[in-house]
Amino acid sequence: WVVSAAHCYKSRVEVRLGEHNIAVNEGSEQYITSEKVIRHPSYNSWTIDSDVMLIKL
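Take the sequence shown: its position 14, counted from the start at 1, is 14 in full-length UniProt numbering, and no numbers get skipped.
It is worth saying that the hints were derived from the structure and are not from the lab. Honestly, I wouldn't trust all of these hints.
[As the list claims (entries may be wrong)] Listed below are the simulated DSS-like cross-link pairs for lysine-lysine, each with C-alpha atoms no more than 25 Å apart in a straight line:
| hint | residue 1 | residue 2 |
| --- | --- | --- |
| 1 | K36 | K56 |
| 2 | K10 | K56 |
| 3 | K10 | K36 |
[Stated by the list, open to error] With beta-carbon atoms standing in for the labels, derived distance ranges:
| hint | residue 1 | residue 2 | range |
| --- | --- | --- | --- |
| 4 | S42 | N21 | 30 to 40 Å |
| 5 | G18 | H40 | 40 to 50 Å |
| 6 | G27 | T47 | 34 to 44 Å |
| 7 | E35 | H7 | 27 to 37 Å |
| 8 | K56 | H7 | 36 to 46 Å |
| 9 | L54 | G18 | 16 to 26 Å |
| 10 | Q30 | Y9 | 20 to 30 Å |
| 11 | R12 | S45 | 14 to 24 Å |
| 12 | E29 | W1 | 30 to 40 Å |
| 13 | Q30 | C8 | 14 to 24 Å |
| 14 | W46 | N21 | 18 to 28 Å |
If you're wondering where the values come from, they're calculated on a predicted model, not measured in any experiment. Built from N, CA and C at the ideal position, the CB exists for glycine as well.
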């Protein structure tokens, strides 16, 4: 699982693990497409309350 902000929600998310410098491909990165994305049930896009989501890898 990865924790992120709910305002970044997309139905599918690609997570990049092992990244140390986004400007350089070091070869140690792993790209994993999300299996499931869950926004907090009380997330409010107007007030940004409960701005959290879980990403299942």
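Evaluation of the provided hints:
1. K36 with K56: Since the Cα atoms of K36 and K56 sit roughly 5 Å apart, the hinted pair holds (cutoff 25 Å).
2. K10 with K56: Judged against 25 Å, a Cα distance of about 13 Å means the pair holds.
3. K10 with K36: Satisfied, since the Cα-Cα distance of roughly 10 Å is no more than 25 Å.
4. S42 with N21: 30 to 40 Å: 36 Å, holds
5. G18 with H40: 40 to 50 Å: Taking Cβ atoms as reference, G18 and H40 lie about 27 Å apart, which means the hint is violated.
6. G27 with T47: 34 to 44 Å: 42 Å, holds
7. E35 with H7: 27 to 37 Å: Cβ of E35 to Cβ of H7: about 21 Å, so the range 27 to 37 Å is violated.
8. K56 with H7: 36 to 46 Å: Given a distance of about 19 Å, which is not inside 36 to 46 Å, the answer is violated.
9. L54 with G18: 16 to 26 Å: Roughly 20 Å apart at Cβ, these two residues keep to the hinted range, so it holds.
10. Q30 with Y9: 20 to 30 Å: 22 Å, holds
11. R12 with S45: 14 to 24 Å: Roughly 19 Å apart at Cβ, these two residues keep to the hinted range, so it holds.
12. E29 with W1: 30 to 40 Å: 19 Å, violated
13. Q30 with C8: 14 to 24 Å: 20 Å, holds
14. W46 with N21: 18 to 28 Å: Between W46 and N21, where Cβ atoms are some 36 Å apart, the hint is violated.
The structure shown violates the earlier hints numbered 5, 7, 8, 12 and 14.
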